[in-house]
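As given, the protein sequences belong to chains A, B, C, D, E and F, one line each in that order. If you read the first sequence in the working numbering, its first letter stands for residue 47, the second for the next number, and so on. If you read the second sequence in the working numbering, its first letter stands for residue 47, the second for the next number, and so on. If you read the third sequence in the working numbering, its first letter stands for residue 47, the second for the next number, and so on. If you read the fourth sequence in the working numbering, its first letter stands for residue 47, the second for the next number, and so on. If you read the fifth sequence in the working numbering, its first letter stands for residue 47, the second for the next number, and so on. If you read the sixth sequence in the working numbering, its first letter stands for residue 47, the second for the next number, and so on.
One should not assume that every hint holds.
[What the hints assert, rightly or not] Distance condition first, Cα-Cα at most 30 Å in a straight line; then the derived BS3-like pairs of lysine-lysine:
1) D:K255 x D:K192
2) A:K266 x B:K266
3) A:K266 x A:K255
4) C:K192 x C:K231
5) B:K258 x B:K192
6) F:K266 x D:K266
7) A:K266 x E:K266
8) F:K192 x C:K266
9) F:K192 x F:K248
10) C:K255 x C:K266
11) C:K266 x D:K266
12) B:K266 x E:K258
13) C:K192 x C:K266
14) A:K266 x A:K248
15) E:K258 x E:K231
16) B:K248 x B:K266
These aren't lab readings, by the way, just hints derived from the structure by calculation. Keep in mind the model is a prediction, meaning the values are calculated, not measured.
There are 6 protein chains.
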Amino acid sequence: MAISVPPGDSRRRIQPLDALASPRFTQVATFARLPHDRSLADVDAAFLGIPFDDAATYRSGARFGPSAIREQSRLLRPYNMSVDIYPFEVFNVVDYGDVNVVPGSFEATAEAVEQELDTLLAARVLPLVAGGDHSVALPMLRSLTKAHGRPVHLVHFDSHFDFWDSYWGQRYTHGTWLRRAWEEKLLGHVLQVGIRGPQFTKDDFQYAKENKFHVLPMRKLEHNPATLVARALDRIPTAEPLYLSWDIDVVDPAFAMGTGTPEVGGLTSREALHCLDTLVGHNLVGAEVVEVAPLYDGPGAITALLAANLLYEALSVMAKNRERGIPAFGS
Amino acid sequence: MAISVPPGDSRRRIQPLDALASPRFTQVATFARLPHDRSLADVDAAFLGIPFDDAATYRSGARFGPSAIREQSRLLRPYNMSVDIYPFEVFNVVDYGDVNVVPGSFEATAEAVEQELDTLLAARVLPLVAGGDHSVALPMLRSLTKAHGRPVHLVHFDSHFDFWDSYWGQRYTHGTWLRRAWEEKLLGHVLQVGIRGPQFTKDDFQYAKENKFHVLPMRKLEHNPATLVARALDRIPTAEPLYLSWDIDVVDPAFAMGTGTPEVGGLTSREALHCLDTLVGHNLVGAEVVEVAPLYDGPGAITALLAANLLYEALSVMAKNRERGIPAFGS
Amino acid sequence: MAISVPPGDSRRRIQPLDALASPRFTQVATFARLPHDRSLADVDAAFLGIPFDDAATYRSGARFGPSAIREQSRLLRPYNMSVDIYPFEVFNVVDYGDVNVVPGSFEATAEAVEQELDTLLAARVLPLVAGGDHSVALPMLRSLTKAHGRPVHLVHFDSHFDFWDSYWGQRYTHGTWLRRAWEEKLLGHVLQVGIRGPQFTKDDFQYAKENKFHVLPMRKLEHNPATLVARALDRIPTAEPLYLSWDIDVVDPAFAMGTGTPEVGGLTSREALHCLDTLVGHNLVGAEVVEVAPLYDGPGAITALLAANLLYEALSVMAKNRERGIPAFGS
Amino acid sequence: MAISVPPGDSRRRIQPLDALASPRFTQVATFARLPHDRSLADVDAAFLGIPFDDAATYRSGARFGPSAIREQSRLLRPYNMSVDIYPFEVFNVVDYGDVNVVPGSFEATAEAVEQELDTLLAARVLPLVAGGDHSVALPMLRSLTKAHGRPVHLVHFDSHFDFWDSYWGQRYTHGTWLRRAWEEKLLGHVLQVGIRGPQFTKDDFQYAKENKFHVLPMRKLEHNPATLVARALDRIPTAEPLYLSWDIDVVDPAFAMGTGTPEVGGLTSREALHCLDTLVGHNLVGAEVVEVAPLYDGPGAITALLAANLLYEALSVMAKNRERGIPAFGS
Amino acid sequence: MAISVPPGDSRRRIQPLDALASPRFTQVATFARLPHDRSLADVDAAFLGIPFDDAATYRSGARFGPSAIREQSRLLRPYNMSVDIYPFEVFNVVDYGDVNVVPGSFEATAEAVEQELDTLLAARVLPLVAGGDHSVALPMLRSLTKAHGRPVHLVHFDSHFDFWDSYWGQRYTHGTWLRRAWEEKLLGHVLQVGIRGPQFTKDDFQYAKENKFHVLPMRKLEHNPATLVARALDRIPTAEPLYLSWDIDVVDPAFAMGTGTPEVGGLTSREALHCLDTLVGHNLVGAEVVEVAPLYDGPGAITALLAANLLYEALSVMAKNRERGIPAFGS
Amino acid sequence: MAISVPPGDSRRRIQPLDALASPRFTQVATFARLPHDRSLADVDAAFLGIPFDDAATYRSGARFGPSAIREQSRLLRPYNMSVDIYPFEVFNVVDYGDVNVVPGSFEATAEAVEQELDTLLAARVLPLVAGGDHSVALPMLRSLTKAHGRPVHLVHFDSHFDFWDSYWGQRYTHGTWLRRAWEEKLLGHVLQVGIRGPQFTKDDFQYAKENKFHVLPMRKLEHNPATLVARALDRIPTAEPLYLSWDIDVVDPAFAMGTGTPEVGGLTSREALHCLDTLVGHNLVGAEVVEVAPLYDGPGAITALLAANLLYEALSVMAKNRERGIPAFGS
């Protein structure tokens with residue numbers, strides 16, 4: 047393999063297992079066949095699993111999301127042709143393992159997530175997160191705003207608004223995290239892409255409007271969603287920290303049946319990848335793909351495979367920015 | 047939930063279970079978590095299952111269609127954003143249960159279906175039907191023409207023509223119902239959308255032509271099927287009764303693998319929903335979604351989920367018309 | 047069907063749907079095709095679902111247990127040949143629906159369960175409970191001891207002891223309910239059947255011994271488990287209230303793969319049914335079958351089918367007792 | 047492979063494909079990889095599929111039984127060690143294909159079955175039948191009694207009695223065939239093995255008693271079922287024609303989940319094979335394995351595999367008899 | 047069925063089983079329900095399975111591809127409406143069975159494939175091949191170039207380049223066959239359609255460029271792929287022999303999850319069929335559909351169904367050419 | 047957890063992740079949640095995956111066996127109650143990863159296996175191997191005989207003899223390894239347990255007899271297989287090295303459907319575990335569980351779960367011996 051190695055440095059070099067030496071179905075399953083490593087020395091980005099799903103309101107099972115994504119990420123390869131980058135050449139990336147979540151307690155889990163994130167961000171490591179249900183976004187955002195010293199902008203791919211106030215008296219669920227984050231002033235601009243399907247109430251659109259969330263419902267994305275997303279992103283200053291929160295259910299169930307609250311009529315996987323690539327040039331400081339529930343996937347595990355590719359694509363965007371000299375953590 | 051309740055009337059108000067009080071995975075599975083109710087007082091529309099599949103010519107299993115659709119309809123919510131309507135505010139809707147079909151006898155089943163429909167229509171209740179195989183459309187149409195005093199127009203989404211004359215000497219199958227309905231003079235205009243795949247014979251196109259059926263084969267719908275459907279619907283007088291017969295196999299197997307005679311190369315779920323919304327303004331007097339065979343669905347049950355959404359969309363169209371003062375059953 | 051109807055009384059008569067009039071795959075799925083009814087007038091026993099699974103420590107998904115058990119209970123028929131009883135002739139039985147559990151909160155759920163049970167028991171209705179994870183046993187036992195004015199005896203079929211003290215700081219999980227129940231003095235004799243598989247620690251056997259729990263580990267049950275269970279039951283006074291808590295994982299995964307913490311090497315379904323029948327003559331005041339996680343079942347849904355049969359068997363035992371004049375709720 | 051070839055004769059020799067030349071996953075799937083052949087010259091036994099399932103009262107899908115059994119029979123090999131026979135050395139066996147059943151019409155199908163069987167039996171070919179639902183046994187028995195000039199004895203493995211009078215006014219279903227056969231005087235001795243599970247009514251036992259059917263319910267077979275079956279078979283004169291009707295649901299769903307009316311608590315596959323071997327010495331003139339519904343099988347297809355083995359075992363019994371000089375069709 | 051039969055000739059006429067006489071779920075599964083026939087007299091085209099998968103680098107299981115494609119091809123019917131042809135009227139087609147592959151040895155298998163192909167081509171029979179993994183293309187091309195006396199042009203639908211040099215020291219794998227074929231000078235023009243996903247290295251694009259392969263990566267095909275493919279085909283002289291090599295993974299996993307190396311973001315089935323139809327007018331001398339791995343398909347088997355349709359479409363293209371007088375094998 | 051820690055030593059202590067701190071569905075999947083570690087310092091036993099399946103003669107897919115076993119081994123806990131041992135207290139155990147197998151080449155793979163094993167055995171580490179197909183046993187035995195300086199005794203659980211001479215000219219397959227091992231004089235006593243099902247030829251029994259293999263066919267094990275196995279083991283000197291080769295297909299497909307060559311009528315999982323425990327006291331120097339093909343497992347993954355438990359049981363036997371002072375590697 048004739049990859050041109052970047053000029054040597056004293057840093058250790060971390061590489062995925064080479065599928066030409068070690069077939070890709072062999073060895074312990076880590077993200078992209080990267081080393082599982084808890085030290086953060088010389089690490090630029092880290093895969094982190096947050097297998098918590100007790101805040102799901104319908105089908106559970108996203109607790110096995112990180113495990114399934116690791117397994118399917120065996121197919122990832124070194125060169126990303128759509129972004130034109132070798133992400134593992136630009137970055138040292140590791141599989142950092144999972145947060146030790148506390149089943150049955152969102153509060154204890156959120157604390158554990160925030161603490162883990164604080165550690166990563168203190169080491170200036172970019173987080174690539176695999177959920178778990180969407181509630182894990184809240185502690186992620188808490189930590190990110192601390193680390194970056196300001197609210198982060200949010201691009202949120204989802205078929206649901208997720209800013210409901212509470213469910214059954216529970217204020218922290220996978221359907222309420224965005225309202226909590228907004229109330230906690232963790233967010234700058236909010237762009238919501240892919241909203242569709244039966245809603246609880248029309249008032250949600252009002253809430254979005256009042257709070258100046260930019261909403262791109264699915265019906266507006268019938269043709270060329272990537273173009274519309276790119277245009278919407280124009281409103282977000284490229285230098286400021288931007289967080290990507292991708293709920294797998296924004297993708298149509300044909301492409302992503304392995305999820306807990308599927309809504310028919312969504313993005314194709316082709317459109318999804320294309321949308322993600324429009325983030326190149328923005329200061330992406332982290333990304334999460336959530337709500338992968340492997341038990342609802344078929345034997346081909348194509349939802350987990352898509353999630354692995356989305357994380358790889360996000361990583362590639364970040365690597366492309368680094369290559370261009372955009373410093374995710376400021377100078 | 048801040049739904050503005052319409053001005054009180056003396057009628058009883060029927061509502062789905064509130065997912066904020068009773069999580070959507072709880073309680074007996076009825077369509078859209080509506081009450082299972084056999085009285086028709088103050089009822090505007092009713093879900094009715096017809097779990098008959100002995101007229102299927104290939105894979106059977108649609109007898110479990112109504113059950114699977116009920117289960118997956120747990121995800122439906124009160125507000126339809128694409129039609130902009132709260133259907134359960136406009137209509138009182140119930141789950142009327144299933145017809146007591148007679149396995150092994152189309153004739154006895156057809157009689158039972160017709161009788162049940164006669165009862166519903168006499169009470170001016172709009173039928174939302176879940177098959178079962180497509181043969182159930184015949185007794186549906188028999189009853190509808192009686193109730194409306196005239197042939198009804200038909201918009202028929204399907205990958206197959208369904209006007210074959212007989213199979214193995216059987217004149218009543220899921221592939222012959224449309225010819226029977228035509229022979230029985232139950233139909234006005236016939237619009238067929240989505241025809242594709244290998245055919246028995248080219249003569250079918252001739253038959254459609256001779257009888258002035260309007261055919262939109264899949265190949266013509268490559269781009270913007272909803273626009274073409276809307277244009278085709280223009281030929282049907284909006285005030286006259288129109289029946290929707292939706293065979294789930296018009297949708298591509300990627301989105302609807304849970305069916306008995308799948309044909310590759312069909313509509314996406316996005317296009318399907320969009321097509322259905324073009325019916326707003328037409329006097330939709332009933333709708334059926336047939337041929338959902340849950341055993342061929344994956345664990346995500348996305349075919350049944352799509353079917354539930356299609357029925358919800360049809361209901362929303364009918365509710366929108368009601369809101370606009372179009373009386374389905376005449377004045 | 048020549049069932050001899052017991053001498054008429056003024057009570058209403060509740061019967062399952064007749065499969066000879068209404069094929070068993072038709073109609074809304076309720077337990078044993080009984081009416082879904084929330085009034086308790088003239089009701090002797092009630093099926094109750096408790097779809098809570100946030101206290102599971104490994105695989106979740108038991109929240110869909112009640113729904114799956116209802117669906118598979120379509121196959122139940124009126125006469126139980128192993129107990130020689132027509133349970134629905136002796137008892138009026140209804141499907142009471144599910145407890146409105148509160149996902150993410152054991153405490154709120156436990157309160158809801160206890161309240162629902164109190165209502166049932168106040169009406170002298172025998173509970174037939176479908177979980178949900180095993181944590182639901184705790185509020186069940188709280189209510190039962192109140193209703194019966196004394197601790198109840200417990201026969202506990204399970205591959206796990208379930209008296210761990212806590213998990214991740216959580217004191218209420220599906221692995222700790224029995225210790226909590228013991229600490230709360232809700233229990234008389236405790237018989238544990240089927241313990242096997244890798245354990246956290248040998249100390250558990252010590253705990254069982256200290257507290258005089260009668261333990262029949264799987265290895266002792268290699269041959270004739272029913273005989274050994276019958277003998278062990280001899281130590282429990284037949285007149286005193288006995289509760290049956292059946293974790294489906296006591297059955298071998300070949301027969302019950304649809305569960306959250308499977309342990310290989312368990313009971314066969316034949317042995318399971320046989321064991322259950324040995325309860326005839328004991329004052330069974332309620333029964334639960336828990337930990338059915340349908341997503342881990344195959345397409346044949348045989349775990350849910352087994353669970354439905356176990357509940358039917360428990361009901362038959364209670365009906366047999368009633369026939370013999372044993373008053374479950376005292377005289 | 048050192049199989050000793052029997053002394054040459056002028057007959058053609060029919061052999062399964064050799065798995066050492068043609069791997070067993072290759073080539074068109076026929077039963078046991080035998081030639082698909084419609085000529086009956088020099089043929090001793092023939093596999094015949096009857097893919098009719100419109101007489102099923104619950105889950106359908108047995109129409110794909112023959113296809114699945116063919117696929118899984120790829121694993122069969124030449125030597126049967128439990129019966130000690132090379133069946134394909136003793137017999138020329140072919141895959142005769144399927145009856146052209148008529149979906150939706152039991153009557154037309156029954157006629158087609160009877161006609162096909164008449165042809166086979168006229169050529170003195172032993173039938174090995176794969177259902178389809180159990181209703182196909184009726185035309186089988188009609189043809190057999192004609193061919194053998196007398197009622198045949200029946201050994202019937204099933205969890206159900208199958209002598210109900212009618213369902214929904216239908217006299218010909220998979221639950222009524224035995225009563226019809228009895229009424230039509232097609233049967234000599236009837237031995238029923240494996241009855242269990244919830245019954246419609248206790249009267250069925252009375253019917254069995256009145257008509258002197260020998261019933262071995264599952265509960266009596268707890269230990270050593272083969273011994274009890276062997277003893278029961280003693281009452282049937284060994285020289286008289288005996289037909290084997292095996293409903294796959296007599297086997298426990300753990301071993302045979304791929305069926306339409308599963309009953310928990312059945313035979314293991316080990317016991318099943320053992321029971322079948324006790325037929326050696328009886329004049330077995332044909333055998334059927336019915337009710338295999340592949341959609342309810344898991345990906346391992348173990349139900350179809352078991353069915354293939356049961357047919358192979360029945361064939362081996364017949365071959366063993368031939369070897370011993372017992373002439374199935376009289377001298 | 048009113049198919050106009052072409053003027054009689056002395057040739058035998060080969061037809062698929064008529065689904066109106068023999069329901070399509072009956073009889074031994076052969077491709078398109080055609081006769082399984084090893085004689086080549088009067089045969090124009092033949093389905094051939096090559097169930098070899100030991101050259102797969104990730105998920106295996108394509109050895110069951112031919113069997114699954116046969117089973118799902120039961121749904122094919124006589125008239126192809128998109129190409130406007132009755133292929134089985136123009137051609138006599140048979141199911142020739144499978145190559146007796148040698149598991150574990152590519153070399154021995156390649157020899158067997160080449161020999162089988164030589165026989166077919168000597169008889170001027172057009173091959174319709176079902177893989178197996180993609181390595182089988184190499185012996186196919188060896189035989190084709192011999193038969194046609196020149197390198198054949200190649201249109202290659204795939205998400206992968208397949209011209210890697212070796213894997214783990216193995217020079218013959220499903221990822222290297224194209225380089226081997228190029229080195230062996232078996233190919234004229236090479237058109238590669240659908241390349242996408244993470245790549246080993248950017249150098250692959252260089253290799254394609256240096257060797258003048260025409261590459262249409264997926265990203266260029268976002269809209270109207272068929273139009274772009276048609277335009278690219280313009281460069282290939284229509285009279286010269288063209289081979290179609292279709293790797294099912296060029297289609298998106300939503301439509302074709304049953305494959306060994308899935309890549310998200312691919313063609314829809316609609317686009318795939320459309321692309322294939324653009325081959326009309328080109329001298330298609332054979333076609334293969336490879337890498338169908340049925341175990342990764344869902345219960346609907348939609349990948350195998352798509353593969354069957356692609357082969358039917360390729361056959362139709364060839365029949366259309368024949369109708370137009372284009373002689374595949376030269377005059 | 048009150049585990050009594052053995053008296054401290056200077057060795058590092060290796061422990062599985064504590065499920066009470068880190069829920070068992072979290073973190074990278076390694077065997078028994080042990081550290082993945084390639085250094086062998088202070089290591090007593092090591093899990094090693096050999097994901098090679100190109101020597102399978104029927105269904106492939108065992109290449110994903112090690113991955114699936116790791117995933118399901120999450121449920122293992124510290125104390126083995128049937129052997130009465132804490133294996134991870136007695137031994138330091140690691141997950142050593144997988145051999146870098148060479149797909150398509152048995153020879154290259156065998157070399158890699160042997161080399162890896164040589165390294166482990168040189169460090170006096172006991173191997174716990176997960177296949178892969180059964181062919182991997184041959185290089186295992188080559189290495190073991192070298193390390194122990196003598197042929198090892200073999201206890202071989204399998205439904206097949208595995209001493210066929212060759213398949214399709216291939217001398218190294220999963221059905222020939224035992225003959226090769228015997229020819230290479232790698233074996234002492236050979237005990238074969240569980241042989242059953244259709245055989246190629248009766249001659250196999252002759253081969254076994256001639257070579258004095260001790261064969262316990264399934265039919266002899268109908269009752270109390272463990273007792274018979276224990277008795278058979280008596281012939282093997284307890285001090286001499288004994289290797290356990292467990293083909294998962296010795297277990298009945300109901301308990302272990304996830305395998306490539308299933309045979310109905312096998313051991314139950316209860317019997318399997320019991321048989322394994324009879325090895326206590328023998329000098330077990332290594333163990334392998336092979337032929338787990340996860341794609342044929344259901345969603346409950348019970349075959350992989352059983353395999354994980356069998357390896358845990360073998361480890362426990364070895365630990366028990368160590369506790370008793372039996373030195374696996376001699377003194």
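*Below or equal to 30 Å on CA atoms is what counts here, so check K266 (chain C) against K266 (chain D).*
holds (23 Å)
*Does K266 (chain A) pair with K255 (chain A) here, judged by a C-alpha cut-off of 30 Å?*
holds (16 Å)
*Holds or violated: K266 (chain A) with K248 (chain A), Cα cutoff 30 Å?*
holds (17 Å)
*Hint consistency between K266 (chain B) and K258 (chain E) [alpha-carbon to alpha-carbon, up to 30 Å]*: violated (36 Å)
*Regarding the pair K258 (chain B) and K192 (chain B), is the alpha-carbon distance no greater than 30 Å?*
The hint holds at about 23 Å.
*Under the criterion that the straight-line Cα-Cα distance not exceed 30 Å, is the pair K192 (chain C), K266 (chain C) satisfied?*
violated (35 Å)
*For the pair supplied as a hint, K192 (chain F) and K248 (chain F), is the alpha-carbon distance within the 30 Å limit?*
violated (34 Å)
_Run the distance test for K266 (chain A) versus K266 (chain E): straight-line Cα separation, threshold 30 Å._
Answer holds: K266 (chain A) to K266 (chain E) is near 23 Å, not above 30 Å.
_Checking one constraint from the list: CA of K192 (chain F) to CA of K266 (chain C), max 30 Å. Satisfied?_
violated (42 Å)
*Sort out whether K231 (chain C) lies within 30 Å of K192 (chain C), counting only the CA atoms.*
Holds: K192 (chain C) and K231 (chain C) sit about 11 Å apart, inside 30 Å.
*Does K266 (chain B) lie within 30 Å of K248 (chain B) when you go C-alpha to C-alpha?*
Cα-Cα ~17 Å, so holds.
*For the pair supplied as a hint, K266 (chain A) and K266 (chain B), is the alpha-carbon distance within the 30 Å limit?*
Holds. K266 (chain A) to K266 (chain B) sits at ~23 Å (cutoff 30 Å).
This entry does not satisfy hints 8, 9, 12 and 13, going by the numbered hints stated previously.
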